[in-house]
Amino acid sequence: MSAALAPSTTLSPRPLDDDRYVEAMKRLANRTNLGALAIHGLTAVVVAATIPSRLWVLALFFALIPFNVLVSARLLPKYGPVVAEVVRSVTNVAVGVWGYSLLGWPVPVWLWLPYCALAHEAFHPRLQLGTLLLTAGVTSAAGLLAGVPWIYPATFVVLAFICRALAEGRLAIIRDMLRRSDEQRRALDEAHAALKTALEARDRAELECRRAQKLEAIGRLAAGVAHEVNTPLQYAMSGLEFLREAIPEAAAGSSEELKRDVGDALALTMDGLDRVSRIVRALKQWAHPEQSTRVVTDLNRAVETTLMVAGHEYKYVAEVQTDFSELPPVVCHAGEIGQAVLNLVVNAAHAISGVVTGSERKGVIGVRTHAEQDWVVVTISDTGCGIDPMHRDKVFEPFFTTKSASEGIGQGLAIVHSIVVDRHGGKVSFDSEPGVGTTFRLYLPRAAS
Amino acid sequence: MTRILLVDDDQWVLKALCMGLRRIRREWEIVTAESGADALAELSRGSFDVIVSDMSMPVMNGVELLTRVRDLYPAIRRIALSGSAEQAALDGLASVAHELLEKPCPLKVLAHIIERAAAA
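Chains as they are written, first to last, in the working numbering: chain P, 32 to 480; chain X, 18 to 137.
It is worth saying that the hints were derived from the structure and are not from the lab. Model, not experiment: these values are computed from the prediction. Among the hints, a few may not be true.
Unchecked claim - Not everything, but these chain P residues come out facing chain X in the computed CB check (under 10 Å):
{"id": "1", "residue": "E239"}
{"id": "2", "residue": "E259"}
{"id": "3", "residue": "V260"}
{"id": "4", "residue": "L264"}
{"id": "5", "residue": "A277"}
{"id": "6", "residue": "P279"}
{"id": "7", "residue": "A296"}
{"id": "8", "residue": "S308"}
{"id": "9", "residue": "R312"}
{"id": "10", "residue": "V348"}
{"id": "11", "residue": "H381"}
{"id": "12", "residue": "G385"}
{"id": "13", "residue": "V387"}
{"id": "14", "residue": "T388"}
Note that CB positions come from ideal geometry on N, CA and C, so glycine has one too.
Bound conformation, chain P alone (with noise of 0.2 Å):
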């Protein structure tokens, strides 16, 4: 999965998308535009009411600016810059000649100078600066012709083009950050998509591995199976055949001996059919391979049911100890949760196996059900090998197994996780001691009632 993942790393820079930034500054044109004509059409109303006070006119100004930001920061309006550029032009005029008969010098102009110079410097560059020159030097005239001294108006020139400068090197800035950023979305929204990717093909093993292991147990469950019922078949069948020889002569009157016979023959014929049919009903619970929905489910017979279906691969290496607390409902996929009993057992009866060959000891699997809180848990429990607990970490990793391949592939308790965990969100627990044995308890959330 890392594979996968490792291209999306290393990025090429890509081109800067023109059409995006040119957006961007439209947009940062129209807020700023809306700014400077609120600000300047007040002031043009302001200064034209001519206020006496400049203290007045200047608190006012300032007034202006967080109203501005305010307004600009909501506020798009569609015809905005074209509107906003006359009305500043003119605007701009009258606050510098007024500025400069009320106050003596240019502080309107001079406010408004970063505004006026980053605006329109995408929409539309040459407006802007003809704006800017026909307002430095509408304004500087004007100041000269009202006798203010010579180093205001080249002040305020030199301020202009210098605040010009100044916002080309912020709209350099801008233009950098927007490339990076652009950049840096197209890093995320690859490293997405690989990660996507990635993500859909890890569902796909999943679903694969845990159809191969369906199959895996299904294959397990018919050779259990197949044993399970034709054992009982033999002796029902046989039973049978005796009493079909036996009967006739049974009934002309015979020995106690051959009644006798005629009596176990029968129980015989009758224990074999009742535990193959048993042995079927146990069967229906895996005959919904694929059930879509969840349905609710009486926890202890699917259990039950499991052991009995997975009978074979226990029977000979441990004794099954059943501790059934009466359940809450639960609602389940019922195939998949018996699918991961059996998976349990089965590992149980491998552990165990692992201690008992050879010798005429058994070991003991122990099956219990109890609610828990929110929690129905089943809890199976063998006196195995134990996990090395240097194999703690990997037990539900898939393909992770410690037995040879004939045994296992091991998916078996990567499927109980996935079972009980993503598909019911569940919790599965274990403790292990080497040598002493596991307890594995699944946790599954009771139906809400």
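With chain P's structure known, arrange chain X on it following the hints.
Then chain X, alone, in the frame of chain P:
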């Protein structure tokens, strides 16, 4: 008199086969054993003509038992009676069993095979 040893870990199978075979051939002497170890003990106590063994048994399975019988008592005819046709179980059988029968096997067929084996 033909002596037959039936080996199966399921006592119901033993009972049914024993009862049925005795009815078909009253002259046969049939001995039963519930495990490989029991079977070897019976073999050491007396001579047999035919052994019919289940394949899937705890501790010592059918293949292991018949292999021991082949090595220790080569004159005894060996018949495997298997509950499942698992390839792994059958692989080792060809060299150790004279006949392979699958459960459920009709009594008359079993009797016929035993008879033929005993006559061989």
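Hint-by-hint comparison with the structure:
1. E239: It is violated, given that the least Cβ distance between P:E239 and chain X is near 25 Å, above 10 Å.
2. E259: 8 Å, holds
3. V260: 8 Å, holds
4. L264: Check passed: Cβ of P:L264 comes within 4 Å of chain X, closer than 10 Å.
5. A277: 7 Å, holds
6. P279: 13 Å, violated
7. A296: 6 Å, holds
8. S308: Hint on P:S308: violated, closest Cβ of chain X at ~15 Å, above 10 Å.
9. R312: 20 Å, violated
10. V348: The hint holds - P:V348 has a Cβ within 10 Å of chain X, the shortest such distance being about 7 Å.
11. H381: Constraint on P:H381 not satisfied, violated at 15 Å.
12. G385: P:G385 check fails; min Cβ-Cβ to chain X is 15 Å, beyond 10 Å.
13. V387: 9 Å, holds
14. T388: 8 Å, holds
Hint violations for this structure: numbers 1, 6, 8, 9, 11, 12, all remaining hints satisfied.
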